[in-house]
Amino acid sequence: MVTWEKSSKLGQLILLIIMVILAVVMLFPFVYVIAVSFSSYKDAISNSLIIIPAHPTLQAYTWVLQNGGVLHALLISFFSSTVGTLVSLFLTVTAAYTLSCRDVPGNKFFLWLVLLTLLISPSIITKYLVVRQLGMIDTLWALIIPSALNPFNVLVIRQFFMGIPQELIDSAKLDGANDWQILGRIMLPLSKASLAAIGLFYAVEIWNSFFEPTIYLNNQQLYPVSVILRLIVLQATEPVEAVLPGQVPPPDLTLQMAVVVLATLPILLIYPFLQRYFTKGVLTGSIKG
Amino acid sequence: MQTTKGAVAGKLPSPAATARKSKQRSLLSRMKRARGAYLLFLPGLLFFLTFYYLPLLGNIIAFQDYSPYLGILRSPWVGFSNFASVFTDPEIGIVIINTLVISILQIVFAFPVGIILSLMLNALISERFKRFMQSVLYLPHFIGWVIIISIWQQLVGGDGLVNHFISGIGGHPVNILTNPDFFKPLIVLQVIWKETGWSTILFMAAMTGIDISLYEAAVVDGAGKWRRMWHITLPGIRSVIILLLILRIGNILSTGFEQIFLQRNAVGLNAAEVIDTFVYDRGIINGNWGVATAIALIKTVIGALLVYSANRIAKRLGEEGLY
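Protein chains in written order, with the numbering used here: chain A, 17 to 305; chain B, 3 to 325.
What the hints contain is simulated information worked out from the structure, not anything from laboratory work. Cβ coordinates follow ideal geometry from the N, Cα and C atoms, glycine included. Honestly, I wouldn't trust all of these hints.
Stated by the list, open to error - Computed from the model, here is a short list of chain A residues facing chain B with C-beta under 7 Å:
#1 Phe94
#2 Thr110
#3 Val120
#4 Val249
Construct the entire structure; sequences and hints are all you get.
Here it is in structure tokens:
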């Protein structure tokens with residue numbers, strides 16, 4: 017910035033030190049957890065601070081993954097995140113398309129209907145009763161459908177669609193294109209970046225979802241990794257055998273941390289892509305609120 | 003298009019009636035032409051009706067002794083008795099106090115930290131270093147509470163790293179995760195760690211909108227960096243601060259469910275039960291649907307009133323406000 021002259025060198029240094037401390041505070045827990053997960057059990061309980069494992073081993077991971085339960089939960093999470101993101105994106109673009117059309121009678125009304133949902137947060141109880149009424153309890157649909165659409169994302173994509181030149185759409189219509197074709201061949205290819213960003217947000221949201229599986233699922237076979245993580249790490253006293261078929265030794269430190277890492281890994285892999293969109297400002301609309 | 007039709011219709015005996023008719027017909031034909039668009043909107047419409055508007059209507063079970071087997075239509079109406087049992091619940095006092103204490107601690111401590119952090123980030127000269135810091139600071143926002151709490155437990159729990167260190171140097175280990183007195187500060191600290199970085203994003207966006215010539219003029223006038231921050235940057239983001247504060251005050255009865263739900267068992271309900279978990283317990287666990295809905299309804303009404311009054315106060319103080 018132009019306004020910060022060289023005179024503030026000392027200030028910059030202090031700021032730099034604060035920032036480095038902050039970065040350590042933010043990153044250290046992750047580094048530590050990863051290091052513990054790759055450590056031998058003996059090293060892990062040796063009371064020492066581990067940043068680089070002294071005797072790196074994949075023991076914890078092979079055990080966790082061979083045992084089936086965690087892998088099963090990871091697959092459930094992966095499945096619901098993927099299918100859920102596709103469902104969410106479909107609903108988002110179709111709704112946004114109609115809201116962006118200029119010559120659709122009743123459009124204003126639809127827009128208000130969507131805007132109002134930003135103000136009302138449905139009570140979890142009545143929403144639960146609706147989901148139950150629909151027979152979605154104890155199905156993976158309960159993780160996907162009830163929270164499929166985020167009204168903010170609809171409005172962001174609508175805004176983006178409205179920025180697409182009307183002449184493009186009109187000429188496609190003259191060529192006899194119907195609404196599906198306009199959406200699929202003109203709107204979607206032009207808004208790839210925003211769609212990717214919103215898709216990643218949806219995916220992370222479903223992957224992290226804990227509340228929904230907790231209230232909608234009773235069948236342990238359907239538990240996603242977030243719920244399994246709670247059972248293994250936070251409630252180590254619970255009968256884990258019920259969750260993980262097979263003989264389960266008392267959950268020990270390295271195993272627990274391996275599960276934490278496995279549950280975090282997909283987010284860490286997605287994060288660089290997600291982050292690319294922060295700077296582009298495509299999401300400023302969805303971020304507000 | 004309609005006017006030309008109307009002009010054509012002018013030759014006919016009753017121009018006004020025909021014009022209206024042709025207007026209707028043109029509306030109909032426009033609707034007919036938009037049928038593809040309607041069809042595309044249908045899934046979204048069904049979604050919003052089912053998962054937003056239907057639960058909203060469902061709130062009337064707050065006035066019923068609702069039983070899922072009887073349904074809304076046949077469940078007996080009980081007037082305000084659910085509301086009465088909310089206020090006579092022996093736990094409600096402590097629940098409200100816990101909720102308010104946690105929220106107020108968050109507004110007092112977590113909220114300003116985000117502003118301070120944005121100012122610091124904004125003061126960094128190197129654009130690349132700033133980007134790096136932002137991506138580090140945003141990261142925990144994208145990681146779910148279960149993972150975050152598992153990690154925290156590993157660090158500060160009874161058997162965690164910090165305690166190993168303390169007993170290593172001969173001190174007495176403390177388990178702050180199971181100590182009821184530490185619960186509320188712990189919740190706030192976790193929120194600060196997880197969400198402060200992300201909360202800077204709106205402040206930073208507002209800062210980039212500040213006219214750079216203001217700073218240049220201030221430099222010419224000899225204003226130092228603190229004065230520029232105080233007189234240009236902070237006023238520049240004031241409307242965003244106030245907007246977020248109004249929204250936060252409206253949410254004072256919401257403390258977030260997952261974070262507290264996951265940690266309340268370790269300290270007991272007296273220290274940790276808040277409105278969100280209370281609704282869950284009464285409704286989904288105990289099946290007191292009517293009572294749980296009544297609490298949620300009261301919460302919504304109070305939230306709306308708070309946003310309204312916070313907004314009025316802001317406007318009286320000469321701020322832009324929310325609407």
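Quick rundown of the hints versus the structure:
1. Phe94: The hint is violated - Phe94 of chain A has no Cβ within 7 Å of chain B, the shortest such distance being about 15 Å.
2. Thr110: This hint holds: Thr110 of chain A lies near chain B, its Cβ roughly 4 Å from the closest one there, short of 7 Å.
3. Val120: holds (4 Å)
4. Val249: With a closest approach of 4 Å, the Val249 of chain A hint holds.
When the structure is compared with the earlier hints, a violation turns up for hint 1 alone.
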